[in-house]
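Asker: Each chain is listed here by its residues.
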Amino acid sequence: MLTVPNSWLARRDATAKLLAAALLTAAVLTSIDPLTSGLVAGVLVLVLPLTGVPLKVLLQRGWPILASAGGIFVFTVLLGAREGPVLAHVAGLDVRENAVGYALRLVAIGLPGFVVFATIDPTDLADSLIAHLRVPPRFAIGALAALRLVPLLIDEYRLLRLARRARGIAAGWNPLPLFFSTLFGLLVGAIRRGIRLATAMEARGFDREVLRTTARETHFGWSDASVVVAGLLLAAAVILVKFAHP
Amino acid sequence: MLLLGASGAGKSTLLAALAGLLDEGDQEGRVLIDGRPAREMRAETGIVFQDPQTQLIMSRAGDDVAFGLENRGVPRAEIWPRVDAALAAVGFPYGRARDTAALSGGEQQRLAIAGVIALRPGLLLLDEPTANLDPEGAQLVRTAIAKAMQDVDATMVLVEHRVDEALPLVDRTVVLGEDTDAVWTAGALLPSRRARSAPGEVLLTADALALRHTPQKIDVAVLQGQALAVQGPNGAGKSTLALLLGGLTRPTGGRVVASPALAGPDARRPPHRWPAARLARRIGSVFQNPEHQFVTSTVREELLLGGRSPAVVDDLLSRLRLDKLALANPYTLSGGEQRRLSVATALAAAPRLLILDEPTFGQDLRTWRELVELLADLRDEGRGLVLVTHDAQLVAAIGDERLVLPRC
Numbered sequence: 001m002l003t004v005p006n007s008w009l010a011r012r013d014a015t016a017k018l019l020a021a022a023l024l025t026a027a028v029l030t031s032i033d034p035l036t037s038g039l040v041a042g043v044l045v046l047v048l049p050l051t052g053v054p055l056k057v058l059l060q061r062g063w064p065i066l067a068s069a070g071g072i073f074v075f076t077v078l079l080g081a082r083e084g085p086v087l088a089h090v091a092g093l094d095v096r097e098n099a100v101g102y103a104l105r106l107v108a109i110g111l112p113g114f115v116v117f118a119t120i121d122p123t124d125l126a127d128s129l130i131a132h133l134r135v136p137p138r139f140a141i142g143a144l145a146a147l148r149l150v151p152l153l154i155d156e157y158r159l160l161r162l163a164r165r166a167r168g169i170a171a172g173w174n175p176l177p178l179f180f181s182t183l184f185g186l187l188v189g190a191i192r193r194g195i196r197l198a199t200a201m202e203a204r205g206f207d208r209e210v211l212r213t214t215a216r217e218t219h220f221g222w223s224d225a226s227v228v229v230a231g232l233l234l235a236a237a238v239i240l241v242k243f244a245h246p
Numbered sequence: 001m002l003l004l005g006a007s008g009a010g011k012s013t014l015l016a017a018l019a020g021l022l023d024e025g026d027q028e029g030r031v032l033i034d035g036r037p038a039r040e041m042r043a044e045t046g047i048v049f050q051d052p053q054t055q056l057i058m059s060r061a062g063d064d065v066a067f068g069l070e071n072r073g074v075p076r077a078e079i080w081p082r083v084d085a086a087l088a089a090v091g092f093p094y095g096r097a098r099d100t101a102a103l104s105g106g107e108q109q110r111l112a113i114a115g116v117i118a119l120r121p122g123l124l125l126l127d128e129p130t131a132n133l134d135p136e137g138a139q140l141v142r143t144a145i146a147k148a149m150q151d152v153d154a155t156m157v158l159v160e161h162r163v164d165e166a167l168p169l170v171d172r173t174v175v176l177g178e179d180t181d182a183v184w185t186a187g188a189l190l191p192s193r194r195a196r197s198a199p200g201e202v203l204l205t206a207d208a209l210a211l212r213h214t215p216q217k218i219d220v221a222v223l224q225g226q227a228l229a230v231q232g233p234n235g236a237g238k239s240t241l242a243l244l245l246g247g248l249t250r251p252t253g254g255r256v257v258a259s260p261a262l263a264g265p266d267a268r269r270p271p272h273r274w275p276a277a278r279l280a281r282r283i284g285s286v287f288q289n290p291e292h293q294f295v296t297s298t299v300r301e302e303l304l305l306g307g308r309s310p311a312v313v314d315d316l317l318s319r320l321r322l323d324k325l326a327l328a329n330p331y332t333l334s335g336g337e338q339r340r341l342s343v344a345t346a347l348a349a350a351p352r353l354l355i356l357d358e359p360t361f362g363q364d365l366r367t368w369r370e371l372v373e374l375l376a377d378l379r380d381e382g383r384g385l386v387l388v389t390h391d392a393q394l395v396a397a398i399g400d401e402r403l404v405l406p407r408c
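Residue numbers (the numbering used here), protein chains in the order written: chain A, 1 to 246; chain B, 1 to 408.
Worth flagging that the hints you see were computed from the coordinates, not collected in a lab. From the three backbone atoms N, C-alpha and C, an ideal C-beta is built for every residue, glycine too. Just so you know, not all the hints are guaranteed correct.
Residues from chain B shown here face chain A by an in silico Cβ test under 7 angstroms; the list is partial [to be verified]:
id	residue
1	Thr54
2	Gly68
3	Ile79
Just the calculated beta-carbon pair ranges, DEER-fashion [stated by the list, open to error]:
id	chain 1	residue 1	chain 2	residue 2	range
4	A	Leu176	B	Arg72	44 to 54 angstroms
5	B	Tyr331	A	Ala170	39 to 49 angstroms
6	A	Ala170	B	Val312	43 to 53 angstroms
7	B	Gly382	A	Gly71	57 to 67 angstroms
With the Cβ distance kept under 8 angstroms, some of the chain A side facing chain B (calculated, not the full set) [what the hints assert, rightly or not]:
id	residue
8	Leu159
9	Leu160
10	Arg167
11	Arg196
12	Phe206
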């Protein structure tokens, strides 16, 4: 599980952050030129101190995004369409605008979601969704409780694999039968756990018709609104740049 | 009140009925609380289950205690004082923001009790609340129960297998069902089966073996015809050690060395590198949860998987009293039957070394006695046994050597 930093952005309302990230991602999706994508990626790196996510953590956890972006860059240089302005010559190859554009675009699409989820505590998200978006508590709290069981499932899968080895069962030339038998065991265990958790929640009155109160306050103030406004402004800037540089 | 009974006598079902959690179809007759059906009185009852991991709902301790209060519509201003009072009542040692996943089993169970007593139930139901815990954690939970019962004016029904520790908490004991031979009673006469002959050759050695998360290095030898008991608190690395000795995981430091007596020519390689089929013929591992090891759809097929002849399998079935269940699905067996089957599956490949993780966990007195006799017979046949266990009575009955892992 990710640990949530105690930063300015981490203290802002979860719904506001989701909304800002969604606006920004939608705007980046409409454009492919390197300038707008670079703008978004650059601004996000500049505001990184506000998010409290250390650059090291960003690189450690966000490496799949960077690796994919690198892959896209290399393959577009090698195999991409030979059109558009050439930005540089490297080792006898033309690096064109499209290669830089695709790579930066992936980073610009991935980064807002990554930063937002790294600064959202799941409990705060559920509270905020219930308070501001009127998501039914049965769904939000239920999903939250189920999320807590995910690490247990990972552990369980490992134990099931070891238990099969102890029984003398190895994958052999075809790993699929072993995989499905392990998956079946995992499913049986997951259903049992799910039922036990549901019973425990029912026993504490989660199924009641009584109007549920919330113990934690969810406050949506000016600073939370400013996150949405910042997302909106950056998204607008992306679209403006796109039309200014067709 | 302490509620006792054999495995399958219906103790947990009765508690669920009292808590109003049973479906109409599963119930005959009526359960009345203060003259009204239990289902309508759910706001007056609170229940704590055996498994701490599946009854904590929220990721912060305070939020978890508040969960039930939120569901009952308690105003926010009233919630937090009641949360703090409940946490104090069970002696919870951390603040509200403590991550529930970082708690030990005993702490999680105390938190679960706090979540229930915050609701101020008139009837408190506890379904083996200490079964999953080490002796120290179990003692803390019992202290928490005693303390909480002083503070609240409530009736308590407690289900426990082991009576000795539970008796000080109750005024009255009720035994469910006729099968009283299977019920643990205070000072029950237990078999004692120490090894009668000296142990034989070395089968397996741990050589400066490192356990995850602990600085300690383990040096131990497992001998033929000897039962080695591995004890220690939760989190000390007992199960990790069982997996390492069983050749199931690769050591992060130190070595596991099999002797030629155990492994023949394979002794040159560490057990974790043996092919699975050869491993199973030499070292049998029995996991804490029997269901982890079931891979087929009938009891008989489970044993045939070991590669032995049908005659040997039938012999094994009758020896472990599973012959009548030969065609049953392993997942449908009772806890005691599943445990016997998981020992049988390990025996089916005829290994000379058996490693068992909590073999007597949650068993009634009859199954416990059977397991002790079975394990002692296996040991006396010349097999090596490693018993990872919290069960002091099991160690007293058949443990020949003890390895105690310290708290890390």
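Asker: All hints, please: hold or fail.
Answerer: Status of each hint after checking the structure:
| no. | hint | in the structure |
| --- | --- | --- |
| 1 | Thr54 | holds (4 angstroms) |
| 2 | Gly68 | holds (4 angstroms) |
| 3 | Ile79 | holds (5 angstroms) |
| 4 | Leu176/A <-> Arg72/B: 44 to 54 angstroms | holds (49 angstroms) |
| 5 | Tyr331/B <-> Ala170/A: 39 to 49 angstroms | violated (23 angstroms) |
| 6 | Ala170/A <-> Val312/B: 43 to 53 angstroms | violated (22 angstroms) |
| 7 | Gly382/B <-> Gly71/A: 57 to 67 angstroms | holds (59 angstroms) |
| 8 | Leu159 | holds (6 angstroms) |
| 9 | Leu160 | holds (6 angstroms) |
| 10 | Arg167 | holds (6 angstroms) |
| 11 | Arg196 | holds (4 angstroms) |
| 12 | Phe206 | holds (5 angstroms) |
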